[in-house]
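Q: Just so you know, the protein sequences line up as chains A and B, in that order.
Throughout the first sequence, residue numbering follows the working numbering, covering 154 to 297 in sequence.
Throughout the second sequence, residue numbering follows the working numbering, covering 1493 to 1635 in sequence.
Note that these hints are calculated values from the structure, not bench results.
Wrong hints could be hidden among the right ones.
Rough simulated footprint, nothing fancy, chain A against chain B, three-plus residues with beta-carbon under 8 Å [claimed, not checked]:
| no. | region |
| --- | --- |
| 1 | 1496-1506 |
| 2 | 1518-1529 |
| 3 | 1534-1543 |
| 4 | 1552-1558 |
| 5 | 1587-1598 |
| 6 | 1606-1614 |
| 7 | 1622-1629 |
All C-beta atoms in this analysis are idealised placements derived from N, C-alpha and C, irrespective of residue type, glycine included.
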Amino acid sequence: METQFTPISSLVGGALIGASAVLFMATHGRIAGISGIVSRLLPPSIDRSAWPQGLVFVVGLLLAAPLAHLVSGQAPAQVVSTNLPLLAIAGLLVGFGSVLGNGCTSGHGVCGISRLSGRSIVATITFMGTAFVSVFILRHDFGG
Amino acid sequence: MKSFNTLLAGLMFGTGLILSGMANPAKVQNFLDLFGSWDPSLAFVMGGAIAVTMPGFWLVQKRSAPFFGDVFHLPVRSDFDTRLIAGAAIFGIGWGLGGFCPGPAVTALPIGATGTLTFVSTMLVGMVAAKSIAQKSRTLVSA
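This is chain A alone, in the form it adopts within the complex (with noise of 0.2 Å):
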């Protein structure tokens, strides 16, 4: 499915996630990564020091939605795979990668790479990486 290509909001989107990451630095001294501020909140070693932020910060992004919607009057544009199988396993090794691999997107891509974190370069080139073949085995070998 094609979708059209948006240089400038993504630009000023990607501008307002990198103020969110400023803004959590300067305030908590803390990477806005997400997988870490999700799985911190999770058992079994859960990390009492970052639970009542880290649950503040996830229902901020829980707001987004519901938020833009108001302010657009429509919900934001997506589609999401019906294969409810494939996006069970997708959310698996998501979770279960970004735990082991100590981040993702955004605490290695966007904040890591921001600190010229030679392991965030690293763990960047290899999700990209892994991530351009399996969608190329999604789409062009399976006929996705």
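We have chain A already, so just place chain B on it with the hints.
A: For chain B alone, kept in the frame of chain A given last:
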């Protein structure tokens, strides 16, 4: 005040994801589909974010401490271990298959697609599983 700032940061992050198109898995997968319906938009998301975060972090860290804390909690490791590479590789496979990474998936939850709910549920299971394994291996090392 602290919680207000955190809420604002979360809201800005989520709004940025929606505005940029990251909360739409089809757009993410099109970015990753170099040999198909390629949509380069997401490179602009990353560029826009880093253009703000890089100078922003630099400015913020000139302070001795964050506004609501005693110290900056910054990652200090610089080694490349198997866990980092394997984790990133596994994460990337899932990201490609589903078109969601953790932030956009959580942000898209209220839009109410069954697929998103499915993805987030198993993502949380995956996180708990990885944490459990990490904890077990730590116990083994210390024992």
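Q: None of the hints should be skipped; say for each whether it holds.
A: Checked hints:
no. : hint      : result
1   : 1496-1506 : holds (count 10)
2   : 1518-1529 : holds (count 10)
3   : 1534-1543 : holds (count 9)
4   : 1552-1558 : holds (count 5)
5   : 1587-1598 : holds (count 11)
6   : 1606-1614 : holds (count 8)
7   : 1622-1629 : holds (count 6)
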